[in-house]
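Colleague: Residues per chain are reported as follows:
There are 2 protein chains.
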Amino acid sequence: MVKQARVLSSEAAKFVGEKILLKGWVRIRRDHGKLIFLDIRDRGGIIQVVVNPKVSEKAYKQALELKPEYVVSIIGKVNKRPENAVNKDIVSGTVELEATDIEILAKADVLPFDMGSEELNLELPTLLDHRALTLRHPKIQAIFKVQAVIIDAFREFFKKEGFFEFQAPSIAPAVAEGGAEVFQVDYFGHKAYLSQSPQLYKQIVMSAFERVFSVNKIFRAEPSVTTRHLAEVVSLDAEMGFIESWIEVKDMADAVVRFILERVEKECKYELKLHNATLPKIIAKTPVLSLKEAQEKIFKHSGRDVRGGKDLNPEDEREICSLIKEETGSDFVFVYGYPTKNKPFYVYPNPEEPEYNEGMDLLCRGIEWLSGGRRINDYNQLTKHVKEWNLDPKKISMFLEAFRYGVPPEGGFAFGAERMTMQMLELRNVREASMFPRDMERVDERLSNLK
Amino acid sequence: MVKQARVLSSEAAKFVGEKILLKGWVRIRRDHGKLIFLDIRDRGGIIQVVVNPKVSEKAYKQALELKPEYVVSIIGKVNKRPENAVNKDIVSGTVELEATDIEILAKADVLPFDMGSEELNLELPTLLDHRALTLRHPKIQAIFKVQAVIIDAFREFFKKEGFFEFQAPSIAPAVAEGGAEVFQVDYFGHKAYLSQSPQLYKQIVMSAFERVFSVNKIFRAEPSVTTRHLAEVVSLDAEMGFIESWIEVKDMADAVVRFILERVEKECKYELKLHNATLPKIIAKTPVLSLKEAQEKIFKHSGRDVRGGKDLNPEDEREICSLIKEETGSDFVFVYGYPTKNKPFYVYPNPEEPEYNEGMDLLCRGIEWLSGGRRINDYNQLTKHVKEWNLDPKKISMFLEAFRYGVPPEGGFAFGAERMTMQMLELRNVREASMFPRDMERVDERLSNLK
Chain H
1 MVKQARVLSS EAAKFVGEKI LLKGWVRIRR DHGKLIFLDI RDRGGIIQVV VNPKVSEKAY
61 KQALELKPEY VVSIIGKVNK RPENAVNKDI VSGTVELEAT DIEILAKADV LPFDMGSEEL
121 NLELPTLLDH RALTLRHPKI QAIFKVQAVI IDAFREFFKK EGFFEFQAPS IAPAVAEGGA
181 EVFQVDYFGH KAYLSQSPQL YKQIVMSAFE RVFSVNKIFR AEPSVTTRHL AEVVSLDAEM
241 GFIESWIEVK DMADAVVRFI LERVEKECKY ELKLHNATLP KIIAKTPVLS LKEAQEKIFK
301 HSGRDVRGGK DLNPEDEREI CSLIKEETGS DFVFVYGYPT KNKPFYVYPN PEEPEYNEGM
361 DLLCRGIEWL SGGRRINDYN QLTKHVKEWN LDPKKISMFL EAFRYGVPPE GGFAFGAERM
421 TMQMLELRNV REASMFPRDM ERVDERLSNL K
Chain L
1 MVKQARVLSS EAAKFVGEKI LLKGWVRIRR DHGKLIFLDI RDRGGIIQVV VNPKVSEKAY
61 KQALELKPEY VVSIIGKVNK RPENAVNKDI VSGTVELEAT DIEILAKADV LPFDMGSEEL
121 NLELPTLLDH RALTLRHPKI QAIFKVQAVI IDAFREFFKK EGFFEFQAPS IAPAVAEGGA
181 EVFQVDYFGH KAYLSQSPQL YKQIVMSAFE RVFSVNKIFR AEPSVTTRHL AEVVSLDAEM
241 GFIESWIEVK DMADAVVRFI LERVEKECKY ELKLHNATLP KIIAKTPVLS LKEAQEKIFK
301 HSGRDVRGGK DLNPEDEREI CSLIKEETGS DFVFVYGYPT KNKPFYVYPN PEEPEYNEGM
361 DLLCRGIEWL SGGRRINDYN QLTKHVKEWN LDPKKISMFL EAFRYGVPPE GGFAFGAERM
421 TMQMLELRNV REASMFPRDM ERVDERLSNL K
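These protein sequences, in sequence, are chains H and L. Residue numbers for the first sequence follow this note's numbering, so the first one is 1 and each next one is one higher. Residue numbers for the second sequence follow this note's numbering, so the first one is 1 and each next one is one higher.
Quick caveat, the hints were computed from the structure, so don't treat them as lab data. Being a predicted model, the structure only gives us computed values, none of them experimental.
Since copy identity is lost for identical chains, a pair holds within one copy or between any two.
The list that follows gives simulated cross-link-like pairs (lysine to aspartate or glutamate, EDC-like), each with its CA atoms no further than 20 Å apart: (1) Lys160 x Glu11; (2) Lys191 x Glu181; (3) Lys34 x Glu57; (4) Lys394 x Glu445; (5) Lys384 x Asp109; (6) Lys67 x Glu401; (7) Lys269 x Glu119; (8) Lys395 x Glu445; (9) Lys394 x Glu441.
Let the sequences and hints guide you as you build the complete structure.
Modeller: What follows is the structure, given as structure tokens:
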């Protein structure tokens, strides 16, 4: 075969009339009379290849060998398609390749299911059992392309805003807050744990760098299987010092959500279309409700009396989101002001009504996207809370040291990347939005299959 | 205090003659006769503030209260410094702030050691015991600013080259290769492990996306304390399909190293200067030696006969690097072609001399920066190796499935972010280049302090 530079399917339309070298996977082979049509998939997208024995008998013979997922190298001429044969659904849709040379780079076994149709009609467990293969399906790839854009946009936004990126640790020495839902690690004969949240670390790093963000892993050993929980999650964290009030933290969260939505909208048109998904609507001013106002609104609307409840439960979250959507058109709503005693020790109590705090959540389409708020920065107030929350100060001594030596008013928040992906693409289960989801039933393999 | 937008120290020089609002930490307070000088640190850098009782008696009184690491909000006028008082070492060095208003935002306890001098003269254990505080020192901050640029440059390079970013999992189901040096996790009553490497996952994801990269955590339970090993490491991974030979993999590794060095050189001048560090020299064509050639060279030079050795040991690595440096001026050298049997099962054997493989390392200044090479992509060859390496194919069934269904010729590599940081700044210990280093003696706390 002649040595020449490879051209991606997405670039082929620039070479009409020329011979190019294409490399990729056989997605579909269709035999029509004396012609063979191939859909070839590469990282640029999909392109149609025509193999005509009158053009090349050798290529045709080789094409007869091809099966789905064979890896091939093809030389051929780029031809413009007639108007009525243009395929608008693929990026190379105005052209096709007329093959003159086909080389098989790798063969594939017979597939366990059809990978060539537009939908991959598999039950989730099967889809995940065969993750190595199903990752090749365009609709599955679309999920992770959207996720990559979400994460990249998160970082881009905060770099522009002067935030410093740090790497949060995954192994943690002790569990300051919250109990059993943590994974234990045998650490050189000592007990250590997988981090449930980089919260205390990001506050430490903020105390030195002012504005910080981190893309990191968090681990939750929740012994329940729901459609929105994973044992290993990609957490997008930010923390900022020198605020005047929690409103600045909320506004920063609002701004990054807008930025992420804009980039996904711009860069993922094809992926959104594949999933027939509509991005959540964010209006000019995102609605903001206190917990009490939200509860009042639910009571007024449906008569369900959750007033005085310590938090919104999933049903409340769905109801308040749908009420806000009706009233304002917004898919997003901030809820703030939770009972101080029911939230972590570091959340800042509202000075005017200290039994409620300045913690906040951002809900979207019935699900929590983000959690955050203002934190306590005064060392004395913090140590008082540590006592009142019955925590062992020795277990968070590094965290407390930061605040002992001067920390400005501050706050921050965290997103879960998989949940955002799930909601943007209107997936039914968060596992679809994790490439290698970990839960109490699976770590690649189903745990029930293991001894 | 008047409401006005905050100005960072790094922007102050744009406001000569104007009143600005500055916020930050008191780094140093010096009393000179009737004047008080403050070095204020914010995320932009350091700026000098002069407090003159003749300008503001109130500000002066407040300044008398200030101690190191107090958090302050200062209003003052930006004055140009006389030529002979310009401080070239700080970004705001052409100006100083004449304070008219000072407000204390947070107080600090008396520091356990001096944080105001240029050097932080602490033993490493003390430095790490007080990480929450020592992170505020400019020389320590410089380390993590360089690290952030390294990681960001790594990502930028691969995005430009059409690589897809994915999130590698941290919890792994089984240990395919290599033995005891792995952390075990109690996973819902099952045994799981912390990932030692995303190797198999990145090959899976490559088999769907062609070109992939990941910034992820790897975990090594090596029961030894050296100056270059950590239990938790930030791994920078890349993998690429459709290569013709391992040379393309080497060239890609070479190119990303150049790109990272360029960005660090351009963006971290101040940080490099603080550490009095010279970046490693990369010449037009990075030298490449086979393992055999490297061993021959060592023998020729020093008479030390390591010919036939299965790998380079640390002494060999130092010697070959210093020989290459002398000969060519290059701080970098690629070494390739290791005995097939001594490397992981997936490394591609040289077809012309199958007892040696097409694995490679990049050494710099005596230390391995990168490890990688071409991998086996043929399913039959791979399963043959799995048998010969006495591995349990069930434990890597997801990985094998990828190759069962067609994978092009491919290769990749991985860097350790902390080692690169250490070497660029000429640090003595890799722990200095990890914000919260984990090793067999420490997880934040010294393990010997725990029950």
